[in-house]
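Colleague: Chains as they are written, first to last, in our numbering: chain A, 13 to 306; chain D, 3 to 282.
Just so you know, these hints were derived from the structure itself, not from any lab.
Ideal Cβ placement from N, Cα and C applies to all residues, glycine included.
A few of these clues could be false.
As the list claims (entries may be wrong) - Simulated crosslink set (EDC-like; lysine to aspartate or glutamate; CA at most 20 Å straight-line):
id, chain 1, residue 1, chain 2, residue 2
1, A, 217, A, 202
2, A, 26, D, 183
3, D, 170, A, 23
4, A, 217, A, 302
As the list claims (entries may be wrong) - Some chain D residues close to chain A (C-beta under 7 Å, calculated; not the full set):
id, residue
5, 27
6, 37
7, 97
8, 111
9, 134
10, 238
11, 259
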Amino acid sequence: MIRKTTLKKHENLKGWLLSSPYLIFILVFWGYPFVWLVVLSFTKWNFMTPKKFIGIENFVKLFSNPFFWTLTWNTFKFMCYFIPMVLVFSITLAVAFTKAKKFKAFLAISFLVANVSSGVAYSIVFSQLFSSNGPLNRFLYNSFGFIIPWFTNPNWAMFSIAIMVTWKFLGYYALIFMAGLQMIPKELYEAADLDGANKRTRFFKITLPLLNPSIVMIMVLAISLSFGIFTEPYMITGGGPLNGTQTFLLAIYTDAFERYRAGYAASLSIIAASMSFAIIYATRKIIEREVDFS
Amino acid sequence: MKSLEKEKKISMKSVMFYVIMFALSIVWLYPYIWMFLSSFKPWDEIYTTLIPSHLTLKSYAFILTVANQMGYPFILGLLNSIFVSVVVTVSVVFFSALVGYAIAKIKFNGSNFLFNFIIYQMLFPSFMFTVPLYLIIRNFGLLDSYPAMIVPYMMGAWGVFMFAQSLKSVPNAYIEAAKMDGANLLWIIFNVVLPLSRSTIAIVGLFTFMGIWDNFMWPLIVMQSYSKMPLAVILAVFDKTYGWYIGPILAGSVIQTIPMVIIFIIFRKYFLQGISMSFK
Chain A
13 MIRKTTLKKH
23 ENLKGWLLSS
33 PYLIFILVFW
43 GYPFVWLVVL
53 SFTKWNFMTP
63 KKFIGIENFV
73 KLFSNPFFWT
83 LTWNTFKFMC
93 YFIPMVLVFS
103 ITLAVAFTKA
113 KKFKAFLAIS
123 FLVANVSSGV
133 AYSIVFSQLF
143 SSNGPLNRFL
153 YNSFGFIIPW
163 FTNPNWAMFS
173 IAIMVTWKFL
183 GYYALIFMAG
193 LQMIPKELYE
203 AADLDGANKR
213 TRFFKITLPL
223 LNPSIVMIMV
233 LAISLSFGIF
243 TEPYMITGGG
253 PLNGTQTFLL
263 AIYTDAFERY
273 RAGYAASLSI
283 IAASMSFAII
293 YATRKIIERE
303 VDFS
Chain D
3 MKSLEKEKKI
13 SMKSVMFYVI
23 MFALSIVWLY
33 PYIWMFLSSF
43 KPWDEIYTTL
53 IPSHLTLKSY
63 AFILTVANQM
73 GYPFILGLLN
83 SIFVSVVVTV
93 SVVFFSALVG
103 YAIAKIKFNG
113 SNFLFNFIIY
123 QMLFPSFMFT
133 VPLYLIIRNF
143 GLLDSYPAMI
153 VPYMMGAWGV
163 FMFAQSLKSV
173 PNAYIEAAKM
183 DGANLLWIIF
193 NVVLPLSRST
203 IAIVGLFTFM
213 GIWDNFMWPL
223 IVMQSYSKMP
233 LAVILAVFDK
243 TYGWYIGPIL
253 AGSVIQTIPM
263 VIIFIIFRKY
273 FLQGISMSFK
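Chain A with its partners taken away, still in its complex shape:
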């Protein structure tokens, strides 16, 4: 009995000792910034002069600033372009991957290698490929007689960024879907065949419902990604044309480190994070289903 309690104490000590570096780290680089963030959001501060407590003024200013609504609209637009595009293509690609018997490794690599491209380099390459006299427009002009103002038209610019991000993440998401497809029992398809179901019904009645956990996961990944877009607009458009590609992160960066409005940037960070959280929560509530594989 006594031995047991000392052993228990010993285990407790070991556990806390092993985790202590992490706990200290989290306290300094996660907990402390968290408190700072909240405090900052209620202050007016330029990083230099004494901080001034201004209550919720930052948030009032934020919501009454049309620029904030531009950011929200742009992020919303990006999600509307990116999420359906990447969902449809990556599910299709995942189905194609499972059908491929040969060249599996080559096909997987050629779609996945996009995902390891570095943000700065791929932004440079795409800004060249999509430039007004770049290879893509040259091809369009020679074959169809028109060009597309990819990054120069405010209505196109966000869509072009959505294409780039789709290029980068398609293979990655397709592999997640492939893992999801492999969890669907073959017997279900065989049973459906016996019932004379065609391909279409099989896909919509079996594949899609049972893929629900992967779809939820991709949606969560894609939404959080949409709120973290920075490198592409920073490198290619600088937020323009006509603020068409301004994103939350770009605005936080400019407000904090170019305009030195620390408090305002902090409150914008809080609102952006809450919005991303709320949309993820709502999405899960709407589309998440209990999946029974039997």
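Given the coordinates of chain A, assemble chain D onto it according to the supplied hints.
Modeller: For chain D alone, coordinates are given in the frame of chain A:
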């Protein structure tokens, strides 16, 4: 006869399938191909032809020597990127293994709390902390130094989570046997448990390394001197200032991308495992 026809039809279909898949994969590789070929082209052919008339190293010579004289030390940037990414990766793997082991294998009164806490932590997007983290680094007097790029990333919830999940499946018998032999805790972790979880080490290491290599906004904020900047930031600044030197910029992009592509091709097995593991 009939079945032969059917077979023919099927093989026609499968040929079509592979043709489409190959065409698509070429489209997907095209940005890489274009970048790579253009970096070896004579400068006046970058926009005009896909296949260069002859290959030249002029762009590489420019980015590695002339740009250096202009104050953009690309070789140093490459070394900085390697240094920062390696240090962060080693640190993340080391500490994640320790904490993951504590959560998975030590029955102590904080293990559940810790596990729930790291999951809770992962809910918060890291961009939230940019401004306050900058202030902490500034208050420590670390702005424009290597630690500014390294310290905030030395540990992370995701790595701990991955180790905690995978170490659960290490059989307790191994650990008990080592304890019987009088081995101490750290010896057990590093000589018994970790060799059994090589793939977790590879997965956490790989994704951490690639994440830090690609990290752009943070070093852009905290670094001032070009001699200490990672490659991503030097390349970005050079592109913003001398955008018309497109050949050298693409050569810089190749230098910035190729290490990741090579690492990916070598460790692709773990990359795929990591994707299906984070799915569970």
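Colleague: Tell me, in ascending order, the numbers of any earlier hints that this structure violates.
Modeller: The structure breaks none of the hints.
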